[in-house]
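Protein chains: 4
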Amino acid sequence: MTQMRLGMIGYGFMGRAHTNAFKRVPDFFPELKYKPVLQAACGRNQEKVDAFAAQWGYASTETDWRKLLERDDIDAVDICAPNDRHKEIALAAAAHGKMVLCEKPLAMNTADGIEMADAVEKVGVANTVWYNYRRVPAVMLAKQIIESGKLGRIYHYRANFLQDWCISEEVPQGGASNWRLAIDEAGSGVTGDLLAHCIDTALWLNGSISQVSGMSETFVKERVHVETGELTPVGIDDACAFLCRFDNGSLGLFESSRYACGHKALYTFEINGANASIRWDLHDLHRLEFFDKADQGALRGWRTIHVSDHGGDHPYMGRWWVPGLQIGYEHSFVHQAADFMASLEKNEPCSPTFREAVETQKVCEAVLNSAANEAWMKV
Amino acid sequence: MTQMRLGMIGYGFMGRAHTNAFKRVPDFFPELKYKPVLQAACGRNQEKVDAFAAQWGYASTETDWRKLLERDDIDAVDICAPNDRHKEIALAAAAHGKMVLCEKPLAMNTADGIEMADAVEKVGVANTVWYNYRRVPAVMLAKQIIESGKLGRIYHYRANFLQDWCISEEVPQGGASNWRLAIDEAGSGVTGDLLAHCIDTALWLNGSISQVSGMSETFVKERVHVETGELTPVGIDDACAFLCRFDNGSLGLFESSRYACGHKALYTFEINGANASIRWDLHDLHRLEFFDKADQGALRGWRTIHVSDHGGDHPYMGRWWVPGLQIGYEHSFVHQAADFMASLEKNEPCSPTFREAVETQKVCEAVLNSAANEAWMKV
Amino acid sequence: MTQMRLGMIGYGFMGRAHTNAFKRVPDFFPELKYKPVLQAACGRNQEKVDAFAAQWGYASTETDWRKLLERDDIDAVDICAPNDRHKEIALAAAAHGKMVLCEKPLAMNTADGIEMADAVEKVGVANTVWYNYRRVPAVMLAKQIIESGKLGRIYHYRANFLQDWCISEEVPQGGASNWRLAIDEAGSGVTGDLLAHCIDTALWLNGSISQVSGMSETFVKERVHVETGELTPVGIDDACAFLCRFDNGSLGLFESSRYACGHKALYTFEINGANASIRWDLHDLHRLEFFDKADQGALRGWRTIHVSDHGGDHPYMGRWWVPGLQIGYEHSFVHQAADFMASLEKNEPCSPTFREAVETQKVCEAVLNSAANEAWMKV
Amino acid sequence: MTQMRLGMIGYGFMGRAHTNAFKRVPDFFPELKYKPVLQAACGRNQEKVDAFAAQWGYASTETDWRKLLERDDIDAVDICAPNDRHKEIALAAAAHGKMVLCEKPLAMNTADGIEMADAVEKVGVANTVWYNYRRVPAVMLAKQIIESGKLGRIYHYRANFLQDWCISEEVPQGGASNWRLAIDEAGSGVTGDLLAHCIDTALWLNGSISQVSGMSETFVKERVHVETGELTPVGIDDACAFLCRFDNGSLGLFESSRYACGHKALYTFEINGANASIRWDLHDLHRLEFFDKADQGALRGWRTIHVSDHGGDHPYMGRWWVPGLQIGYEHSFVHQAADFMASLEKNEPCSPTFREAVETQKVCEAVLNSAANEAWMKV
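Those sequence lines, one after another, are chains B, W, H and U.
Going by my numbering, the residue at position 171 of the first sequence is 305; the numbering climbs one at a time, nothing skipped.
Going by my numbering, the residue at position 38 of the second sequence is 172; the numbering climbs one at a time, nothing skipped.
Going by my numbering, the residue at position 216 of the third sequence is 350; the numbering climbs one at a time, nothing skipped.
Going by my numbering, the residue at position 343 of the fourth sequence is 477; the numbering climbs one at a time, nothing skipped.
Possibly wrong hints are sitting among the right ones.
Repeated chains share a single entry, so a pair holds when one copy, or any two copies, can fit it.
Distance condition first, Cα-Cα at most 30 Å in a straight line; then the derived DSSO-like pairs of lysine-lysine [stated by the list, open to error]:
| id | residue 1 | residue 2 |
| --- | --- | --- |
| 1 | Lys256 | Lys284 |
| 2 | Lys398 | Lys427 |
| 3 | Lys182 | Lys167 |
| 4 | Lys512 | Lys496 |
| 5 | Lys167 | Lys355 |
| 6 | Lys157 | Lys512 |
| 7 | Lys167 | Lys157 |
Note that these hints are calculated values from the structure, not bench results.
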């Protein structure tokens, strides 16, 4: 058994989700040689980080991430700070020889992302980006179906990610809870926050995107900034959609918004091949819809696969309960944490690496540029 | 071409539905030798029957069904009068050598049903009972799947028929619109009106029922009678459910109610075999759900078959539009009317005949007896 | 009572659908003063048009539409010929003072459409274009909800129309069955055939579109032409998608394809407002999904409205059966036919008129131009 | 902070589920004064119990539950042994003054259940039975809706629990994995295993059941017994259904089977009141369907509530992630564990107590008796 002593940077929504993931790995993936140890939690507010550490069982706390990185008893850092701090922390972590796990999106822009990927590769530290939805069992099953060749030539890929929490003009920007609305901290709005998930999955399932035509909008032009209390221009994209062409000749259609009344976190994708099609959505993440033209004529129909069978049939599900009993959102993180530990053991990269995440960054950047310029852009 | 000169008795909901059916047969089943002719409409109220005939194109009217039966220019009569008049009309029609189509349930009780079946068979006139749901394309497809043997040994059959229009105590009983609530005219409540449909389909798909244990209830004990304006005891069953055993060893569960808030006409059935299962419901009658254990392990799932393909794949659908475009409730009657005309041409019975409908009557009677006696009853 | 003596030009899928519609109007809309009379069917093949007329009950036939237009006993013509013949026939019909009903899309291009609209307006003949989906009860209910103001400010509109019948390279182009694949006869591929429906509904529900960015693709580059038997380049768009901005500030996303495996005729739309959202799809056309933010917090959820209630609650449904019993695709044509007859009585236009349909034509043209030029285009 | 030192008896499916639950309580319910401590795991097989303890973090092991009960460092025992051992262990645990948590069903029969309830009450130790589905957030929301009075007079309650894992005759009986098929260890088949869940929820939501009419069947008459390797008669009920009457006047219909092809763990219930109805199923446990007659006429429809909102709106969900992100099966145990700890703090019973679980036992027993005697039975 080998300890992986973890330093968690950030104690917000993602800090909780990642911590929970690591804590559950030994219970459900007991064969793994590497075991996570909650060595230190790090956050700027001493009181809050202490409370977080006490609740979750971290052995120590830091309020300065630089100090955390200097500690010898830390093997890996997990970056759950707002987007604008990813680069600096990651570069420093690599410099200290720490493994680095980074919340998505990797960076504020492509250039930063490349710099970060270069850094971890130069030092040779293990790294991964938390595009967690790849490891929802139904999504992994989609990957397996596609790799089996069942779909044939691909014609279409469409995805969207719809939320509705920004409709009210009263929602402020900035601060611990709403830094995602502040351009300086988030880098972009729905593009980096939501479309990035759609793009990561798409690149993984359907290959590279060559060109895009985007459209974005900021519906609420000014919001109160939490730090100043002032009504401040909103710099992020509230909604963004784009058309694209994949290298395999298929057409893509993507959309994201925080103004889609009735949808809380509705990430959906669909892929149409010559012989079969697949659909998935996050609101019923334990199901995969599948249409197979090979089914007997009169009995063809979309199947709704309840992805809960164990026994090796459904990815990851043998780890959990019995057939028919669903798991939830948080398990995607448990799976990625476990896969990360397994990759250490096998001395292999844990996908998506920083380098792979740069590809998503490139598409995001092209989309935002295309929207700004009202023109098609090459990726 | 041979004319089938029709006399329609009754101009209510079913009078309309059957008339519409006959009118559409030549357009969509043009190859049939027999062509319906709307020769006469019959109803007690002269003004109303005249209006009905004018609207739908009947060539003449009668206010006394006895006179209708005496006419030489009538080949077939369609009985859409309330249940308590079925027997008398049918016996007379047979005596006059007319073909007889009868709205369901066939009779007020089993003895009457047998008498009616004996009568039409003795004279040898074509006859059928309008258990129209058999001819919904998705239901016919279910029949074909079952007959193919795909299901294997059958373990379970369950069905219900849920409505909610009787919850209000203000709904009166009796009269043209609400004779279904008056025991003298209807014979029973949900058992003859709704469960009879479930039972007919079940006997057709899954074979005979040997014994039943029923439970019924009248939730609203008194309702104003339309004819007297008086608050009068309610004699019908408002809700009825029963357990049963089929001859093939499978277990059955049936339920019906007019007090199931939110359901308008939700007839559903499901049949579970060793190798496959089937589900259907009337609120989405153009779909059939199908689960096949033979599907590859990880990709097993309930299929929702959109029963709209033409080209011979889906029963009856080649008559209508193009794939993906659904038909509705009324088409089940068009199909039965067309099948009736086709059966004349082939000189074959049109299922369900009066004799077959007696079987449903027997089960209904056993259920009501069982409920009244709180004991299992043999059918 | 006033007769509207109809001349039907074309006896294909739409010829059948429209004829069926007119035949059913008097049965279900008996109060209308105007009554359709199936006076003449017109088609180039004498044998086929005779068979069609015999089946459906047309009193006479013509093989030359010019002769049809010269007849004094024709009040209205219904153009169900391929797209490339719409203009010539419509102009001639107007010149002869006939009412004109035209299958969609109105024209091969905007200029032709304007010429047609000018022609019917100059003569002052009644006219309409068969964008039939407006008159699906659930879609009309959506219109009523939107007009009630329940949605508030609109942020998003998305629609697609997906089919899969062109995946096989063996499907030929041209001829009676596949003229929709031949550029000379169809004018465009999915844009005029399918997106036109989406656009018509969108303009009606959400107002004008100001600019578009389109992308189109022809997946199968050559298909055998039915008339020559030769492998011939395919000129139509197999798939087309576009981003757009509406005048009301909302963002639009549209897509159509005939290569979406598993979808037969899946037309879907969704509209998101600040206070409520609506979704609909053609595969379950009798349902409308509705989300209302005003519902009590914990009990908010998407409602699936079974649009089958009569009594004035659901548009058109009082004409048909009883609550819970669905109608189908063909009824949208019955409703438009009835509304057309009613508009004659009231001396009002029947929406969408030729003039209104020109707006859809403009958007289609802008989309195709945008796709060809890879640039945003103003409508 | 007060420790609750736990002794877990059994390390099968339920041993894992309960252990996971206790481990997660402090992370997600940090305010609780009582903290679980995994003090000892107990099982007959030393090697297996050691492995289990090592994996999950138990501090010690026992192979004899009597020894476990004698230990002073154990405050509470959790009984996850097969049904036939519940009574003996529970009585002994009470005698030692330990708190007792018991997996369902409480006992092999009503008499045993009463004895157990008497025992824990006499000593006054905290006790609960793991009818975990009450604490699925959607089910708890159903409870809140019902208690708010929104449903009005109740007419119908229906529930079923369908699985398909016993269709193959090759499945053996007995042993660690299949003791649920052996009558000596399980006491009954689907009645105690599955219907007991349905009954517990029903009693909780809809009050007492007064009488029942049951029907049961053993489809596979002999199965190999794991311990002897011999083909041995099957004593359990493979399927069981019953009709019933509730004290509030509503009618009930229940069914359970392990031979329902296509269903893995489909527990569903529906309740129809005069003003509203509710539906739920375990295969999509994060959703609740709700129909409210009070909704505006034309816009009435079944709502599908995605029970994932935090902020106090949805029971328990404020503990987890953000709106739109679902939790799974295992969380129902976490909630019950947390509620148990909270009840200690408040010195209140944790529902369902042993005494409450006896009520479910009574109904189970009446159902099995009714089925055996083919007669209605009072509960």
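* To do: Could you figure out if Lys167 and Lys157 sit no more than 30 Å apart (CA to CA) within one copy, between two copies, both or neither?
  => Answer is both: 15 Å inside a copy and 21 Å across each meet the 30 Å cutoff.
Classify it for me, Lys512 with Lys496: is the Cα-Cα distance of at most 30 Å met within a copy, between copies, both or neither?
-> Both. Shortest intra-copy (10 Å) and inter-copy (29 Å) distances satisfy the 30 Å Cα cut-off.
Next item on the list: Tell me, please, which holds for Lys157 and Lys512 at an alpha-carbon limit of 30 Å: within, between, both or neither?
Entry: neither (42 Å within a copy, 50 Å between copies)
From the Cα coordinates, with 30 Å as the cut-off, is the pair Lys182 and Lys167 best called within, between, both, or neither? For Lys182 and Lys167, only the inter-copy Cα distance (20 Å) is at most 30 Å; the intra-copy one is 33 Å.
Is it within a copy, between copies, both, or neither that the alpha carbon of Lys398 lies no farther than 30 Å from that of Lys427? between (33 Å within a copy, 12 Å between copies)
ask   = How would you classify Lys256 and Lys284 at a CA-CA limit of 30 Å: within, between, both, or neither?
value = Intra 39 Å, inter 58 Å, cutoff 30 Å: neither.
Discussion item. Checking an output row: Lys167 and Lys355, CA cutoff 30 Å. Within, between, both or neither?
Written reply: neither (52 Å within a copy, 47 Å between copies)
The earlier numbered hints that this structure contradicts are 1, 5 and 6.
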